[in-house]
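Participant: Listed here are the chains, written in short residue letters.
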Amino acid sequence: MTAPLLAVTNLTKRFGGLSANEDVSFAVEEREIVGLIGPNGAGKTTLFNCIAGFHAPTSGSIALGGEPLARLTPEAAARRGIARTFQIVRSFPSLTALDNVTVGAMLHRKRVDAARERAREALAFVGLASRANTPAAAMTVAEQKRLEVARALATEPKLLLLDEVMAGLNPAEIGEAVELVLRIRDRGVACIIVEHVMEAIMPIAHHIVVLDAGRKIADGPPEAIARDPAVIAAYLGS
Amino acid sequence: MPAAKRVALLAVLALAVALPWLVANPSQLNFAILVLMIAQAGVAWNILGGYAGQVSLGHAAFYGIGAYTSTKLLLAWGLSPWLGMLAGGLVAVAFALAIGWPCFRLKGHYFAMATIAIAEILQIVVTNTDAMGGAVGLQLPFANEGWAGFVFNRSKLPYYYIILALLLVTLSASRLIERSFLGYYFRAIKDEPDAARSVGIDLTRYKLAAIAASSFLTALGGSFYAQKELYIDPGSTLATSLSIKIALVAILGGVGTLSGPVVGAVILTAIEETTRTVFGGTGRGTDLIVYGLLIIVVAVFYPAGVVGGLRDLGRRWRGPGAAREPLPAEGER
Amino acid sequence: MSPSLEILIQTLASGVLIGLIYALVAVGLTMIFGVMDIVNFSHGEFLMLGMYSSFWGFALWRLDPMFTLPFTALLLFALGAAIYHVVIRRIIRAPMLSQIFTTFGLMILFRGLAQFLWKPDFRSIDHSIVEGKVALGWLQFGTPQLVAGAGAIVVTGAVWWFLQRTRVGAALEATAADREAAALMGIDVQRMFALAWGIGAACAGVAGALLSTFFPIFPEVGANFILVAFVTVALGGFGSVAGAFWAGIIVGIVEVLGGFLLGPQYKLALVLALYLLVVLLRPRGLLGRA
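Chains as they are written, first to last, in this note's numbering: chain A, 411 to 648; chain B, 113 to 445; chain C, 1334 to 1623.
The set of hints was computed from the structure by calculation and includes no laboratory data. Ideal placement from N, C-alpha and C gives every residue a C-beta, glycine not left out. If a hint is listed, it holds; no wrong ones were tucked in.
Subject to a maximum C-alpha distance of 27 Å in a straight line, what follows is the list of computed DSS-like cross-link-like pairs (lysine-lysine):
hint	chain 1	residue 1	chain 2	residue 2
1	B	K357	B	K184
2	B	K268	B	K357
3	B	K268	B	K184
4	C	K1600	B	K357
5	C	K1466	C	K1600
6	B	K357	C	K1452
Rough simulated footprint, nothing fancy, chain C against chain B, three-plus residues with beta-carbon under 8 Å:
hint	stretch
7	220–228
8	236–243
9	399–408
All chains, full assembly: derive it from the sequences and hints.
Facilitator: Right, here's the structure in full:
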């Protein structure tokens, strides 16, 4: 049996005395969509930051394709094929949409014209081709979220971490976003999605990891999670 | 590039080449040379400060390293100043990498202060090192006149063309960088360092690239200064006031634009000369008053500088939908 | 006691005294930074103006600097608040480069104005009530320096007390910690900013008044103190008044020891090297926020 694309094993992240993630383990296979849910403060973004190299775990390990990743930095994570979006959108405001994505494409293509081409593809893929020459700062938040996805895709990742891409979207936009995630999966990129919008990830996730107060309390297919009493309790705060 | 812009650029270039024949007297030619000198330093600064957003207020360190390296090599071993210029550039790069490595993890104000501190320390050390001429400085020989010796006594004309060529080289380097992946990476680092890291950009590596290019070109300017003035001392080549002036021409003209520092150099030097002639001498403080007010007005009302402001005007003229550069939120340094 | 040990202790003592002045200047600077994240490059000019305020009070009306000190403090407070309203208010959200150059422009403007109005000549106050020398045991001090040190302690203490024990001070600290939250609590953030500038300028002005009894007065005198003030603020921790106090003393000692060991020409270089050491090894300084 081949190693999973991503294997998080006993991951613990503490900030001083505060434990943000405690002994979390789960795996993501290639082309899977994995949901990561939990009440506020459960440690979802911290977990993302560990996988993406922004935080060094206090203990535990992260392995990509069987190879453990020690002392991962964000730039090294990107080079290894882990891309991410940010909860609070961080596009490059002084650059156009196309240039934003071109920066992402330049990870693997240093020549400007080759990178631009890849960037155009990615922009078209997320449906922003018409806004290519708009300065990122002039785009709506929903557009900038899609822009971040395009930028992340341009780095040709194997794994994409989506941090609340659907927050603040209206139902029509959510539908589009779900469809986009499916197309990403079909392109061969696995996704871990942090979401609060349940109706978006339940239908598409292969399995869902539930965090509460830093610990994993459930990990299984969406139908099982929906019925899991521990999950329900965590959300209702009993 | 649109045809109109290309024609305009060629016209400016033609004017620049023809300028010595259009000016009335040698002091005006000297004025033009001074403008080109500070413009060249500003364009070099802009690579690090404008494009990559790493504000250095200690660039005189590189200028002085260029000046002192080529001069010492000339005085001690008779090395041709042309080679000395290149040597100065390399020494500046080595110094830049050495200070950049630890300092680039500093953010914003801390980094700017560190650059001031380093340049001041260098000035103090040179001032107190006899081998470098100490506070008195170094005198370059009047001999060796001609192109080989890089000394021209009878007419300043060759100096004008050399500095013009040096400015064009610096502009070309800047443009090449701007249009390559380096340019994109620098902008990304300036705008959002964390997002840049998330797409694989090693911040320190590219900041070092920026400071290497910037320091090399600045040092060339310093060597030119030495050969033109035939006398260098810490006060003229290593002073914080020079660092401020170099950054100022870029800010005045437009940080992060190619032509900004050149425009800024023209404006600043024109204002300096005007205040000097109108108010007479620097002893009365009036030039400082004008200087200070100018800096404040530009920093507060025109942070994009002249070129940036003109571009905004052009964008507004052309139609809605184009945004101006947003300002960072509080808490960001 | 051996003569060189005596000289060393004497040197250290004078370092502490000048360090107290640095502390006072740094307290003002760190207050401005702590509350609104702006580094005031023109801070040295507030000190310079404080010196001139004392000087003119003395030259024109024979008023002793110690007597005019409260007036100097009020004058500089008003100036600081005014500078905030006229200039700084407009660059609160500006890019860092704009902020740096705005305060730089103010620095140059003030120096130019001082030079224009009062000429570049060096002035001094020759007869003040604190002139003379004092001996504490076998240690010798100039009375002005001793009084200046004591004055610095008093004013720094007053600022600290104001921040810790008054409601307005608490509001100021809240604004420094999180200005959006402070605004939501009903704190007038603009007033807090102006207050910070006022107090900051007043601190520097008082330092100037204390210095005027023994230090030469000239338009560029601020340059002697601004870099040292920055180092002090960095060492103490940006935004920490207590940190600035202790850091000032340390910087004063480092400066005189450096002069003692390496020669006076290297004093500033050593202090600047201290800055680099601090920001590279312990960026938050002694007592700054993490």
